[in-house]
Amino acid sequence: GDKDGLIGVGIVFQPTEDGTLYVKKLKEGEPAQRCGLIRPGDCLCEINGRDVFRQPVDMVKDLIMGPPGTTVRLGFHRGTDPRAKLIQVALQRNRPGEQMVGVGVVFRSDNTGALYVRMLQDGGPAQLSGEVRVGDCIVEVDGVDVYRKPISTFTSMVLGPPGTVVMFGLRRQDTLMVHRVMLRRNAPIATSDALANDSQMAVYDGNIKLRRQLEAAKEEHQRLQGVLVEKQRQLKEAERLYEHGASGMGGQMNEEAQRLKTFAHWPHNDTTHPGVTPTVLAADGFHFAPTAQDPDMVICFFCDVQLGDWERADDAKAVHRKLSPNCPLCIGIPCGNKAIVKGASSKLDAGASAQQRLEDVLMRKALLLQTATALEGALDDARRQIGEAVQARRRIQAEAQAIALQRRQAGD
1 GDKDGLIGVG
11 IVFQPTEDGT
21 LYVKKLKEGE
31 PAQRCGLIRP
41 GDCLCEINGR
51 DVFRQPVDMV
61 KDLIMGPPGT
71 TVRLGFHRGT
81 DPRAKLIQVA
91 LQRNRPGEQM
101 VGVGVVFRSD
111 NTGALYVRML
121 QDGGPAQLSG
131 EVRVGDCIVE
141 VDGVDVYRKP
151 ISTFTSMVLG
161 PPGTVVMFGL
171 RRQDTLMVHR
181 VMLRRNAPIA
191 TSDALANDSQ
201 MAVYDGNIKL
211 RRQLEAAKEE
221 HQRLQGVLVE
231 KQRQLKEAER
241 LYEHGASGMG
251 GQMNEEAQRL
261 KTFAHWPHND
271 TTHPGVTPTV
281 LAADGFHFAP
291 TAQDPDMVIC
301 FFCDVQLGDW
311 ERADDAKAVH
321 RKLSPNCPLC
331 IGIPCGNKAI
341 VKGASSKLDA
351 GASAQQRLED
361 VLMRKALLLQ
371 TATALEGALD
381 DARRQIGEAV
391 QARRRIQAEA
401 QAIALQRRQA
411 GD
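In terms of UniProt numbering, the sequence shown is residues 1 to 412.
Any given hint could turn out to be false.
[What the hints assert, rightly or not] Simulated restraints, written as ranges between beta carbons of each label pair:
{"hint": "1", "residue 1": "Ala-318", "residue 2": "Arg-384", "range": "37 to 45 Å"}
{"hint": "2", "residue 1": "Lys-85", "residue 2": "Glu-399", "range": "40 to 48 Å"}
{"hint": "3", "residue 1": "Ala-84", "residue 2": "Gly-387", "range": "58 to 66 Å"}
{"hint": "4", "residue 1": "Leu-405", "residue 2": "Glu-220", "range": "35 to 43 Å"}
[As the list claims (entries may be wrong)] The calculated DMTMM-like cross-link candidates involving lysine to aspartate or glutamate, where the alpha carbons are at most 20 Å apart (straight line), are:
{"hint": "5", "residue 1": "Lys-236", "residue 2": "Asp-270"}
{"hint": "6", "residue 1": "Lys-322", "residue 2": "Asp-309"}
{"hint": "7", "residue 1": "Lys-236", "residue 2": "Asp-296"}
{"hint": "8", "residue 1": "Lys-236", "residue 2": "Glu-219"}
{"hint": "9", "residue 1": "Lys-231", "residue 2": "Glu-220"}
{"hint": "10", "residue 1": "Lys-85", "residue 2": "Glu-46"}
{"hint": "11", "residue 1": "Lys-24", "residue 2": "Glu-46"}
{"hint": "12", "residue 1": "Lys-61", "residue 2": "Asp-18"}
{"hint": "13", "residue 1": "Lys-231", "residue 2": "Glu-219"}
{"hint": "14", "residue 1": "Lys-61", "residue 2": "Glu-28"}
{"hint": "15", "residue 1": "Lys-61", "residue 2": "Asp-51"}
{"hint": "16", "residue 1": "Lys-261", "residue 2": "Glu-230"}
{"hint": "17", "residue 1": "Lys-85", "residue 2": "Asp-51"}
In short, the hints are calculated from the structure, not lab data.
Only a predicted model underlies this, so the values are computations on that prediction, with no experimental measurement involved.
The beta carbon of each residue, even a glycine, is placed where N, CA and C say it ideally should be.
Given only the sequences and the hints, what does the whole structure look like? Please build it.
Dropping the structure here:
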C-alpha cells in the first residue's frame, strides 16, 4: 500500500504464532507477481541483506516500503526448512500501470541458461555508456545472481520507471572478472528488449539465418573453386603422362596394342588367374616387364607403379587403385585406356597413329572442360544465391530500421 508516498512490491504476508512471515498472496500486476520467482508459502528471511526472520511485521513492512523506482532485495526460503537454498530477488518499487522502460539492450539466453547482450539500441543508455558490449554475459542485476533465471523474471528486474537506475554485473568473454555498470532507464520497451519483442526478435533471427546462409554459400563457393583447380591439375598431369609416361615410356606404351604385345610370355593361365589376364592388364594401362626376382611384374605406363607376385584371386584394377589412387586411370580420367584409344591400330602408319593420339588428347581435354563448365555453372549458382542472400539481408535491415523509426516517432 501507499504510506507517505512510499510503496511496496505487492506482497501480502501471513505471520505465524512464532513470528515467521510467509507469503500469503501476490497482488496481480505488481513487482513481486511479475518477477515469477516468489510463490505463496515462501518464508521471508532477508531484506537488503538484513536478517528479518521472526522480526515484527511492522518493522518488515517499513523495510520493504520505499520511494517509487527504488529497488529492494528480498531473500526467501521455500517451504518450512530454514536450511533450504535462499531465493534472492531484486524488485523495483512501482505502482500498477506505471510506465516501465528499459536500458536499450536486446538479450539472448543459451542452452545453459546464461544471458548475453545480443544487441544495443542506437542512442540507448547502454550504448551511450560505452561500458556494455555485444557478447557480454549478464551475471547480476542490482546485485542479484540472474544465472538460469526465467526471462520473465530477468525482464521484471531490468525494467523500471523512467529515470531510475539499474546496475548490471557483466562478465567479458575474455575474462572472469565481473564489471559493474550503472544505467539510467529511459529506453522505450518497444525498442529496448527486456520484453523480447517477438517481431523484433524475428528480424534479428532472420538476419542471423541469412548470415548463416551467406557463410554456407561462401564455403560452397570455395569448395567448388578447389574442385575446379584440382580438375585442371588432373588434366595437365594426365596430358603430361599420356605424352611421356611416368617412366618416359609414354610414347612407346600408350597404345593398348603395344602393351598387349609385351605379354607374349605371360606366365599365368587365363583360367587360373582371370583377374590378371594380358587383355585385362593391357586395357588397364600395364605392360609386361619381368625381372629375375619378379617374373610376373607389370608396370603402368601412366603412373609407373610396379605390380607383381600375382595370386589366383587378385584383381588388377583393385590393386592398382589401392596402390596408386592418384593415377588418372584410377580416378576416372579416360586417358590412354580402352575407352579413348580404342581406335589405335598397328596397321596405321606413323602419321595416322600420331594424329590418333592427338585426337585422344583433345577428346580427353574436351571431357574435362565439360566438367569444368559444369563446375562454373555451380559457381554461378552459388554467386547468385550469395547475391540473393545479401539483398534479402539488406531488405530485412531496412524493414527493421523502418520499424524502429516508427516506434521512436510513436514514442515522441
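#### Entry: Violating hint indices (sorted, rising)
5, 7, 8 and 16
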